[in-house]
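By the numbering used here, the letter at position 50 of the sequence shown is numbered 50, and the numbering carries on one by one without gaps.
No wet-lab data here; the hints were simulated from the structure. Built from N, CA and C at the ideal position, the CB exists for glycine as well. One or more hints might be untrue.
Stated by the list, open to error - Simulated restraints on C-beta separations:
no.: 1; residue 1: E228; residue 2: K6; range: 26 to 32 Å
no.: 2; residue 1: G125; residue 2: V237; range: 36 to 42 Å
no.: 3; residue 1: K250; residue 2: A129; range: 32 to 38 Å
no.: 4; residue 1: T70; residue 2: R134; range: 33 to 39 Å
no.: 5; residue 1: E15; residue 2: E259; range: 28 to 34 Å
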Amino acid sequence: MKLEVKNLRFSYGKETVLADVSFSLGTGEIAALLGPNGVGKSTLFRCLLGFLQPQSGQIVMDGIPVRSFTHRDLSQKIAYIPQSSSPAFDHTVLDCVLMGAAGRLGPMESPGKQDRCEAMEILNGLGIAELAGRGCTKISGGERQLMLLARALFQRAQMLIMDEPTANLDYGNSCLVMQRIEKLAEDGYTVLFSTHDPNQAFRYATRVLAMNNGTVLADGAPEIVLTEDTLSALYGVRVVLGTIGTGTEKRTVAAALGEEV
1 MKLEVKNLRF SYGKETVLAD VSFSLGTGEI AALLGPNGVG KSTLFRCLLG FLQPQSGQIV
61 MDGIPVRSFT HRDLSQKIAY IPQSSSPAFD HTVLDCVLMG AAGRLGPMES PGKQDRCEAM
121 EILNGLGIAE LAGRGCTKIS GGERQLMLLA RALFQRAQML IMDEPTANLD YGNSCLVMQR
181 IEKLAEDGYT VLFSTHDPNQ AFRYATRVLA MNNGTVLADG APEIVLTEDT LSALYGVRVV
241 LGTIGTGTEK RTVAAALGEE V
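Whenever a hint applies, use it, and build me the whole structure from the sequences.
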């Protein structure tokens with residue numbers, strides 16, 4: 001699967017939010033969208049998902065302009081995982097996952113036995129099969145994020161768009177969710193996720209899109225894009241980089257010193 005974004009522009013009235021945004025993503029890539037609040041990350045996601053129509057530019061998936069897809073067709077290409085979920089009803093975890101089939105079922109159809117078996121296989125692959133019969137309001141935040149990920153996988157889309165997928169999770173659950181995402185990329189999924197944590201981008205992303213003032217300032221491998229100068233400019237505080245670990249387990253980490261730049 002290949003996604004291409006070409007010279008995308010979007011405005012709310014006279015306020016330009018996206019200005020000539022361009023990038024492309026291929027199969028198996030994990031791209032981190034990094035940047036401060038208010039730079040257009042959520043607006044970009046809404047454009048990719050077909051919720052907003054850009055004023056100019058193109059979004060092309062596998063050579064076909066996204067604007068030519070129906071919402072039903074697009075749901076079979078891209079799945080969205082929000083940063084948090086507050087269910088109004090206490091559906092079981094399994095039923096929540098089965099809702100991912102809505103885009104491919106007819107108005108009077110419901111998931112069958114084979115669908116339920118497939119959903120259980122996905123839950124098992126994510127390590128939460130034992131939660132299948134549990135109410136979705138009675139599980140932890142990390143478990144709920146894995147449930148939403150399972151629903152997206154059951155949707156059978158090959159691209160996952162994730163809005164700060166670990167924003168409300170503790171450190172352990174955050175690592176668990178990101179490790180699952182890493183494995184999905186190995187299995188051929190394309191992943192685009194937003195984050196405020198450069199260390200998450202260093203650890204899990206194969207690509208980084210550094211975004212500011214409605215445009216992509218830098219696009220490339222984490223070690224190339226995430227420099228001290230770029231991170232300091234993005235967030236307005238002095239950021240330094242260092243290395244932790246030993247041998248083959250060495251990793252680059254970022255730390256903010258709290259000094260304004």
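Now the hints, each set against the structure:
Checking the proposed 26 to 32 Å range against E228 and K6 shows it holds: the Cβ atoms sit about 31 Å from each other. For G125 and V237, the Cβ-Cβ distance of about 40 Å falls inside the hinted range of 36 to 42 Å, so the restraint holds. Range check, K250 to A129: about 35 Å between beta-carbon atoms, so the 32 to 38 Å window is met. Taking 33 to 39 Å as the suggested C-beta distance range, the pair T70 and R134 conforms, at roughly 34 Å.
Checked against the given bound of 28 to 34 Å, the beta carbons of E15 and E259, roughly 31 Å apart, stay inside it.
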